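Peer 1: Which chain is which? The protein sequence lines are A and B, in order.
Counting from 1, position 132 in the first sequence corresponds to residue 132 in full-length UniProt numbering; the numbering is continuous, with no gaps.
Counting from 1, position 204 in the second sequence corresponds to residue 204 in full-length UniProt numbering; the numbering is continuous, with no gaps.
Bear in mind the hints are in silico, worked out from the structure with no lab data behind them.
These figures come from a predicted structure and were not determined experimentally.
C-beta atoms are modelled at their ideal positions from N, C-alpha and C, and glycine is treated no differently.
It cannot be assumed that every hint is accurate.
[As the list claims (entries may be wrong)] Label-pair distances were calculated between CB atoms; the ranges are:
#1 Asp505(A) x Val610(B): 37 to 47 Å
#2 Val610(B) x Glu28(A): 40 to 50 Å
#3 Lys178(A) x Ser143(B): 50 to 60 Å
#4 Thr467(A) x Asp505(B): 53 to 63 Å
#5 Lys266(A) x Asn29(B): 46 to 56 Å
#6 Gly554(A) x Glu296(B): 41 to 51 Å
#7 Arg501(B) x Ser531(A): 46 to 56 Å
#8 Glu296(B) x Arg536(A): 23 to 33 Å
#9 Leu388(B) x Arg536(A): 50 to 60 Å
2 protein chains.
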Amino acid sequence: MQVTVNKSSDCQNSGMQSQFCSQKGILENIVKRRFILAPAYEIYGNTTGLFDFGPTGSALKSEIETVWKNIFVKEDDLLEVHCTNLTPCAPLVASGHVDRFEDFILYDTVTKNYYRADKILEELLHKIKPMTESVQEDIRKLSGFKVAEFDELIKKYKLKSPDGNDFSNAMPFNLMFKTNLGPLSVDSNNTAYLRPETAQGILCNFKRLLECNRGQLPFGVAQIGTAFRNEISPRNGLLRVREFVLAEIEYFYDPEASELLSPIQKEYIESAPAIKLLSADRQKTSDQSVSSSVSEALKSGIIKNSLIAYYMAKTQTFLLKIGIINECIRWRQHMSTEMAHYANDCWDAEILTSSGWIEAVGIANRGDFDLKQHSSHTNRDLTALRVLKKPREQEVLKCIPVKREIAKQYKALTPVIIETLLDTKTINELKTLYDKNERLSLTLPNQDVVELNKDMLSFTTEVVRLTDELFFPKIVEPSFGLGRIMHCLLEHTLKKREDDRYYFDFPILVAPYKCILMALINKEELVSITSKLKMRLAKAGIFSKVDNSNASIGRRYSRADEIGIPYTITVDFETLEDNSVTLRHTSLLKQIRIPISEVVDFVKRIFSEVEQWPGKYEFI
Amino acid sequence: MQVTVNKSSDCQNSGMQSQFCSQKGILENIVKRRFILAPAYEIYGNTTGLFDFGPTGSALKSEIETVWKNIFVKEDDLLEVHCTNLTPCAPLVASGHVDRFEDFILYDTVTKNYYRADKILEELLHKIKPMTESVQEDIRKLSGFKVAEFDELIKKYKLKSPDGNDFSNAMPFNLMFKTNLGPLSVDSNNTAYLRPETAQGILCNFKRLLECNRGQLPFGVAQIGTAFRNEISPRNGLLRVREFVLAEIEYFYDPEASELLSPIQKEYIESAPAIKLLSADRQKTSDQSVSSSVSEALKSGIIKNSLIAYYMAKTQTFLLKIGIINECIRWRQHMSTEMAHYANDCWDAEILTSSGWIEAVGIANRGDFDLKQHSSHTNRDLTALRVLKKPREQEVLKCIPVKREIAKQYKALTPVIIETLLDTKTINELKTLYDKNERLSLTLPNQDVVELNKDMLSFTTEVVRLTDELFFPKIVEPSFGLGRIMHCLLEHTLKKREDDRYYFDFPILVAPYKCILMALINKEELVSITSKLKMRLAKAGIFSKVDNSNASIGRRYSRADEIGIPYTITVDFETLEDNSVTLRHTSLLKQIRIPISEVVDFVKRIFSEVEQWPGKYEFI
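Chain A with its partners taken away, still in its complex shape (with noise of 0.2 Å):
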């Protein structure tokens, strides 16, 4: 998946994006103070690019790994591998990374400092008075630059680095990073790289991965897994960082298969609600996105493919699902200036943010391209059967040796001849020397030549039966940058109290720690409640937390808040004598009492959503 931050604004909800924008400050505050996350060894200093989840940020993180399984894998069947982080180079030469994946960086001849070139070339453009139309051009140019036209701008306009010096040539810097297998040695080729994308190992498995299928198509491959990219000037926040977490489906697909959906999936996008579109077609004139169904937009050509619909409509609901506002969301198809190398088609889920719109989710065509290139860079078999829905008949070209006249000058080398003549292989070739007059030179298995003439053979046309026939599947990719939607998550579900004190309503499905436990106060016989409470809520599969600090209920209600903990569980004195507790919705500020023996069950019930709160019992 390609990552970059959208600029192109949709306006109609610049109100939700001023409100994420007055939030920022202290979002950013309680993300570090309560260890979401926090960038990586900081007390070596500055290691940009690099985060640690924290305690709540794991814990959401593994919530929202599991919801997106249950929804793309677990329903649909897919199948689920974990290939390495550590990639061969040929691998990558095939897929076009080591050649193409690459930015282009500048540096300060003096300082020696690091640029991103059309980053940092952008910048000082914009600084540039006045500020003419041919500079505007120039600026839009700048992201599809080739090496040189760098050079020639900072020519152009006499450009200096940020601390006044001179700027060097320009030059590819490939993002990804590199190491070596074993001990670095001069004869040997052991350069490794850490995977760009997790898509590589899915698709080197293929023939495995058909076959545990058991040959059949459609089917799909889900990896979630770290993915690495050597950024030169990483932002801060989960935004533009090295190392992240990626979750991808490849799906494989036969394209001349009158239908690629199941009657299930047929059913999912016909029931699947409206969601907003920008085409690229619509870019060319607007960046406002436009509302229609999943259904209709693939009925009317909008989006072309109906696996890119299925897996449209699936990411909306996984969204939503956790907590992402709907309208938040919209789909920004790829201007064919901007697709990655390997894609034909892409649509972005982009969600806003206090920073724009953001692309999370990219569903991209890779075609066939990657099986394509494996295949012919290993000489391997890439390809899957197709049954011919109608037997086809083919011409095919044959060699009629003539045995005679080969025996006459060949003597026993004669079977050898006659066999190499019947293969396939060379036929083509042969035959348009032979057309042409020239010399036949025939290669034998042991690699010696000999040299015919006319007479040792002709050849002729033969029709041919097909009932099946071996084709390079195409494959749709959905791929979700986890780190990306945990950030947006964060700012969307992070609200405000009236005593202005704030907490994260996070769906119960990804809330991190589903309730906490409180002893009223810090005595052993209320405490030890709270411990056999949390033992029997872990073996029920509820991750909870305990807090019998000393703090006032009050205090420990509000740091419990601010992590997200949408349940609070509190032993009091009178649980001593009813053996029941009180139990706390967090946004909703309401509480209800129930006895410790029904505790388990009903927020397992709540959890799984079988139950709606408050369920049987009356508030307090």
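Please arrange chain B on chain A, whose structure you already have, making use of the hints.
Peer 2: Then chain B, alone, in the frame of chain A:
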């Protein structure tokens, strides 16, 4: 954790080992054929030491991780984090990995093939005839060799490489994968490594994590993540690989606390069953473990730290729960010579396999080595605060400046000199000079140096009452090699039926797929029932597979058994009449008939161990 295969063999279980050996070929065949796991990027040739998990392997791995998290993280309320794989150089210098995390290599001076020095020389020495006591002595000493000793050994025995050529000198080879953050530059040190263990990320976040636990000790932090080790000669299978998943806990505690364990943890140790122990002491005279309860071993001092004992008991539970055979687990204490550089005690859970006893879990006492190192390398406070049980009186040296004498010479400088003299940091140094009658040079905050004479100051000691103090917490680190554990689990659960077919008898908790759905024959009215039931299972969080191929039901049963699916649900023509299906138990080979409407709830209750198979239903 250290990842060596232990050669000493506990002969009590040689029967089990030979059973594992006899099934080894069959296991390898199933693992490869059914894509449980496979060499990464195999179509590009031999990439040793890198393995991909296929669908069944991935699901198994994921279930094992879930069990681990439930037992270790959720039950004990640990803080779970996810730190980056990429690690800047500085923290790994502090942790000792840049200097000491290495093996020794040799190369063949003609072929340039690399060898791990200790391994290849051991192999060559084993071939020497006659095998004298002195050769055996040299073999034993190999693993502790320093670099020059390898060269001497080669000279002594005139050893040649396997291709008959001279060896190079031995040289150290760091086992971390090296790369660069951002563009390589002569002026900046941007070297980074892939983490060799997950611990350092946790340790460098210690202060934040302590804060998450409101400043209180003890507390534990858990992380499941990838670690990397650039093995010189990786072996086949999951035993010696270059990229592997670790599940690690860093448990921080106050070594002076009167009690390290909570009441629940103490109870846990008391009720833990017997385990097999092979202490460092015992290994001097025997390689046979002895059976003991954990609490006995702790009381008698065989296990010295109660946290280590707790984690040994808990680990035993975990291993049994996922399906490792009890008799095939033993606990071996590290000899002082084999400990990692950061550890001062370590107990390994070793599991018996076809390759002998394999280290799968290490529970090490890391002491305060790492926190002290990181603190001194960053000059950052990485201590915790301990409230003293009894306030302690401590003598403190104080300086008494003689204002009049100082003012005579230094006039306006007097206040700053007095302030500097009262600063405790310089006082011990100054007293030494004073006592030795040497020149009293005092550096002022502005870096000016003034010379004092003995009239200008005197010293006294005061008694101060301390109520708390800062200290470096110590750490117990349980570290699980999940890939190795999975390898052992596959060996332990592979069973043979009477009809010579094999199946995995996974505990339901870790079974990759919980059930498989089959339509008796591939007819739309039956198939659609399986699809709907599958969706209902998915929504209840139960991962199932569907096999509606045209193969016979028996063939499909075998295919499902071979990847360890414990239950089969069959939809047949009776289903159309009475809405019931057949539920078959894989290892018992028994089946019941159950209404469709009850299936989801019933399997859910069996899977969460609330109900026993076959419940209220009768075998048919």
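Peer 1: Hint by hint, say whether it matches the structure.
Peer 2: Verification of the supplied hints:
1. At about 32 Å, the CB distance of aspartate 505(A) to valine 610(B) disagrees with the hint of 37 to 47 Å.
2. Valine 610(B) and glutamate 28(A) have their C-beta atoms about 44 Å apart, which keeps the hinted 40 to 50 Å range intact.
3. Between lysine 178(A) and serine 143(B) the CB atoms are about 32 Å apart, so this pair departs from the stated range of 50 to 60 Å.
4. Judged by the Cβ atoms, the range 53 to 63 Å given for threonine 467(A) and aspartate 505(B) is violated: they are separated by roughly 42 Å.
5. For the pair lysine 266(A) and asparagine 29(B), the supplied restraint of 46 to 56 Å is violated, since their beta-carbon distance comes to about 40 Å.
6. About 47 Å separates the C-beta atoms of glycine 554(A) and glutamate 296(B), a value consistent with the hinted range of 41 to 51 Å.
7. Separation of arginine 501(B) from serine 531(A) is about 48 Å and conforms to the stated range, judged on CB atoms against 46 to 56 Å.
8. For the pair glutamate 296(B) and arginine 536(A), the supplied restraint of 23 to 33 Å holds, since their beta-carbon distance comes to about 29 Å.
9. Look at leucine 388(B) against arginine 536(A): about 37 Å separates their beta carbons, and that is not inside 50 to 60 Å.
The structure is inconsistent with the numbered hints 1, 3, 4, 5 and 9, although it conforms to all the rest.
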